[in-house]
Amino acid sequence: MSRKLRNRFLLIGGVTLIALYLLFGPFQFRDASGRITAQAIAANFTPSRLKKNLSENIKLGLDLRGGSHLILQVQTDDAVRSITAGNLEKARSILQQAGIKFTNITSPALGRIEVDLEDSAQIEDAKARITLDFGPGWTARNEGKRLIFEMKDEEMRDVRERATEQAMRIIEQRINAFGVAEPTIARHGPATGYQILLQLPGVDDPERVKNLIRAESRLELKLVHSGPYPSEEAARQAVGGTVPPDKEILPARERRRDPAAPPVQYYVVEKTPVITGDDLRNAQAVPSQAGGTVYEILFSLRPSGAERFYTATSANIGKNLAIILNNEIKSAPVIRDAIRDEGRIEGDFTKEEAEDLALTLRSGALPARVTYLEERTVGPSLGADSIRQGFAASIAGLAAITIFMLFYYRLSGVNAVIGLVLNLILLLAAMKIVGAVLTLPGIAGVALTIGMAVDANVLIFERIREELRNGKVPASAVALGFERAFTTIFDTNLTTIIAALFLFVFGTGPIRGFAVTLTAGLIANFFTAIFVSRAIFSWVLERQGGRPEALSI
Amino acid sequence: MYELIKTPNIDWIRLKRKFILVSLALLVLGGVSAFTRGFNLGIDFAGGTLVNVKFKDTPPPEDRLREALGKQGIDPGKVIIQPISDPISGIKNEVLIRLPQREAGQKAGSSVESDLDVEKRAILAALNTFNPPSEVATKVDLNTISRDRLREVFLTEDPLGLISASGRAAAELEYGRYADAIIRYRDQDQGGLLRDLADLRAVSGVPTALIQWMPQRFFAGNAAMISAEIVGPQIGQELRQRAISVTLASLVGMLIYIAFRFEWIYGVAAVIAIFHDVLVTLGIFSLVQKEISLNVVAALLTLVGYSVNDTIVIFDRVRENLRLRRREGLTKIVNDSINQTLSRTILTSGLTLLAVLSLYLFGGEVLSGFSLALLVGIIVGTYSTIAIASPIMLWWQTWQSQRQARRPVVRPKPAEATPSQKERRATASR
Chain A
1 MSRKLRNRFL LIGGVTLIAL YLLFGPFQFR DASGRITAQA IAANFTPSRL KKNLSENIKL
61 GLDLRGGSHL ILQVQTDDAV RSITAGNLEK ARSILQQAGI KFTNITSPAL GRIEVDLEDS
121 AQIEDAKARI TLDFGPGWTA RNEGKRLIFE MKDEEMRDVR ERATEQAMRI IEQRINAFGV
181 AEPTIARHGP ATGYQILLQL PGVDDPERVK NLIRAESRLE LKLVHSGPYP SEEAARQAVG
241 GTVPPDKEIL PARERRRDPA APPVQYYVVE KTPVITGDDL RNAQAVPSQA GGTVYEILFS
301 LRPSGAERFY TATSANIGKN LAIILNNEIK SAPVIRDAIR DEGRIEGDFT KEEAEDLALT
361 LRSGALPARV TYLEERTVGP SLGADSIRQG FAASIAGLAA ITIFMLFYYR LSGVNAVIGL
421 VLNLILLLAA MKIVGAVLTL PGIAGVALTI GMAVDANVLI FERIREELRN GKVPASAVAL
481 GFERAFTTIF DTNLTTIIAA LFLFVFGTGP IRGFAVTLTA GLIANFFTAI FVSRAIFSWV
541 LERQGGRPEA LSI
Chain B
1 MYELIKTPNI DWIRLKRKFI LVSLALLVLG GVSAFTRGFN LGIDFAGGTL VNVKFKDTPP
61 PEDRLREALG KQGIDPGKVI IQPISDPISG IKNEVLIRLP QREAGQKAGS SVESDLDVEK
121 RAILAALNTF NPPSEVATKV DLNTISRDRL REVFLTEDPL GLISASGRAA AELEYGRYAD
181 AIIRYRDQDQ GGLLRDLADL RAVSGVPTAL IQWMPQRFFA GNAAMISAEI VGPQIGQELR
241 QRAISVTLAS LVGMLIYIAF RFEWIYGVAA VIAIFHDVLV TLGIFSLVQK EISLNVVAAL
301 LTLVGYSVND TIVIFDRVRE NLRLRRREGL TKIVNDSINQ TLSRTILTSG LTLLAVLSLY
361 LFGGEVLSGF SLALLVGIIV GTYSTIAIAS PIMLWWQTWQ SQRQARRPVV RPKPAEATPS
421 QKERRATASR
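Read top to bottom, the protein sequences are chains A and B.
Just so you know, we're using the working numbering here: the first sequence kicks off at 1 and counts up by one.
Just so you know, we're using the working numbering here: the second sequence kicks off at 1 and counts up by one.
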């Protein structure tokens, strides 16, 4: 074998070995004591071990391994609305403090606040004071006695963007704590859609995850003014018929599983909370009694909150403190001692409820509601079916093409089949390198690649035949065939890669998997159809003394 | 050497009128169907709920399923029920249940999304009515339970007395393992459905006492949901727009690349041919009312890439022949180029067709639309290269050379002429 040809085969062999190692490795050559033994080496090559390594190296998409895929949208209007409402209150108090009289202050639209002043002479003063407070994100103008403040477009975009990013972080925390293996959490869709994509492998019942994400756990601790009362009306009567502006009436559902307890009671509580969820440092679910099935939540406070909590509890010993979750009183224990930084929420929770609640308390409140736009769940049994069917289809396609090539091109067909098999190995290795997942359309991509890979071989072979027909000797026919077919193969593969690129941009999940598989296959095809196939031809020609009279093609 | 076709000598270009008629007929037929009957858009684009349900035995008759769904508040007239069979084993025990996008309650943005899965839950409830009522009242369906729930039931009932014996934490671990093993056995060894609780004896690593206790609290239900897809209206609309814009963008991408590698008219001709392929394939999907899913769009985009292959192969040959045989007329060169590459064209299209055909036959329900689009597209794509792309390119070149011959004044100076223009003039001046 000539030196040039030997180097080529060394390169091909090297690439193949690396690809095989990527697919079936890593191998372990040392035994438990750290010595290299024949036994340890042999243990790498048992079928079960190779199969296990292969399945770890080629990651399967959700559609094949089973799992849930959710697209949710952050209702960023909520975030804009809450900022607008906050600014409205700020403007009101600024005007009141400055003694500027106004007849009306409203927010007729998102990011818009209108103030009607009594005296038009005070317009500039009011405008300056409020603008100073609102900051550069707002514009101010006046129409007569009416002052109009508007959130700038870029500020509004920023607010929405921040709300989405923050929601994503919180969701990520909740999902991670939930214990899903390898979740994907990413922005999705158009930039102004504020959508988040969630992929949760192995989760075949998305209900709990959805509830967990959507759960709004707002914890507030408020001092109890009086109660409990059997009805809301009774509570209102107790404070003289109308609720004072600094108090409110809240329902309490204590001990839900105790049949003797009244279903709902009402308390009158202070409106301003002592502590809110923002002051939490940690929250965790613990059984109420050791070994029991009823759970409660133990929480601890940050230093600043703990200070306030201590002041409030020490001043109110003997009174009740309402522990409020989402506007519902969970319990209203009597304050026996000044408490600094710990408390508990009792509420007859099951373990699951308590854990989810503790988790949502820990991760903080979502800045805006989320809604679900899309939900797809694939059970593991369907995934297994799909793998089986996709595999059967690929094998059937490969077999049909192999039989045809061997029949039609004789020995040169062997060349093409070697190229095909190598193409598949390289394709899978390339997917491992870029960390692409194999999806069901991806398997279709593999089957399609088999068809397209053979296209390059057919182009070359037909060209060689044509040259032979024109009276060329095999050696120059092969050389000319490869040379002439090269540009065609280059152009056809590249155009398909361009199409695959657009597919990648367009698709999510399974379709992206398809685009990646197709691209990897086409690139591998370049190597096998041109380089490997050529080397094999050269070797065949060389074995026949370099100038054979005939070629099996 | 076997040969399917000896290099033939067909005058393709003379057939161009007939080709145009055939293509027009196909386009008109598809177009009329698209405008009158429209497309059968899958839930990816139309929105809605699609659930794949597997039954232990033959599924109940369609009207009974419909009736059961109706009782859960689903309009039975709008439900589409499609039985499917496993392409390998041929067993017919699965059905696809599809519900269109809900129309009521779409007010002010989010009410549909916030109860996105109402229909899914209704379907689950309907399926439950096919189980014996006596079992449903007192027991839990092991075929629909999740691993977490199963563990939860074990923990509350504590049939093995593990909590009192070794404490709660240890019991949680232990029951978790048993729940894992049972669910894995159900999903992986039994294809998602247990026929009988007695089968659980085959699960390794679970104490016999637990298996024997299970029938007290569990039963093996008749059906399980093995996949569920719910797409809200907003996503459907976004995807529709994106599918169209990406397909057009990829056509432009092709146009630019081919124009860069050949001449711009080659690019235009190729892109018109591909556009024709996409339209004809869509027309056929409308004619047979096959569902257009996300996968079908992926297939169409692949088609865009694949269909251009044949065109490039022929154009490449034309380019080569133009260089070698300057004396001959362009029409003859194009004809010869098609003929010279014909055996290759038929072989590769045929071989790719073999691969796609095996996908269509064995790939299962999920891939059937995908492979049908490719199947149709490859055939049409091969035809359009010969029937559309080549005549357009030829017609333009002929028209150009005639125009240049008539009005030599506008011809650019030789020094400024690009090689392609030189080539064109070379062919034109014979």
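Source of the hints: derived by calculation from the structure; they are not laboratory data.
Be careful, since some hints might not be right.
Just the calculated beta-carbon pair ranges, DEER-fashion [as the list claims (entries may be wrong)]: (1) R326/B x L494/A: 21 to 31 Å; (2) E157/B x E182/A: 29 to 39 Å; (3) V32/B x A399/A: 55 to 65 Å.
In silico negatives: residues of chain A with every beta carbon more than 12 Å from chain B [what the hints assert, rightly or not]: (4) S68; (5) G189; (6) N320; (7) T350; (8) M452; (9) A456; (10) W539.
Think of the CB as a built atom: it goes at the ideal place given N, C-alpha and C, for glycine as much as any other residue.
Here is what the structure says about each hint:
{"no.": "1", "hint": "R326/B x L494/A: 21 to 31 Å", "in the structure": "holds, 28 Å"}
{"no.": "2", "hint": "E157/B x E182/A: 29 to 39 Å", "in the structure": "holds, 32 Å"}
{"no.": "3", "hint": "V32/B x A399/A: 55 to 65 Å", "in the structure": "violated, 41 Å"}
{"no.": "4", "hint": "S68", "in the structure": "violated, 9 Å"}
{"no.": "5", "hint": "G189", "in the structure": "violated, 6 Å"}
{"no.": "6", "hint": "N320", "in the structure": "holds, 32 Å"}
{"no.": "7", "hint": "T350", "in the structure": "violated, 8 Å"}
{"no.": "8", "hint": "M452", "in the structure": "violated, 6 Å"}
{"no.": "9", "hint": "A456", "in the structure": "violated, 9 Å"}
{"no.": "10", "hint": "W539", "in the structure": "holds, 21 Å"}
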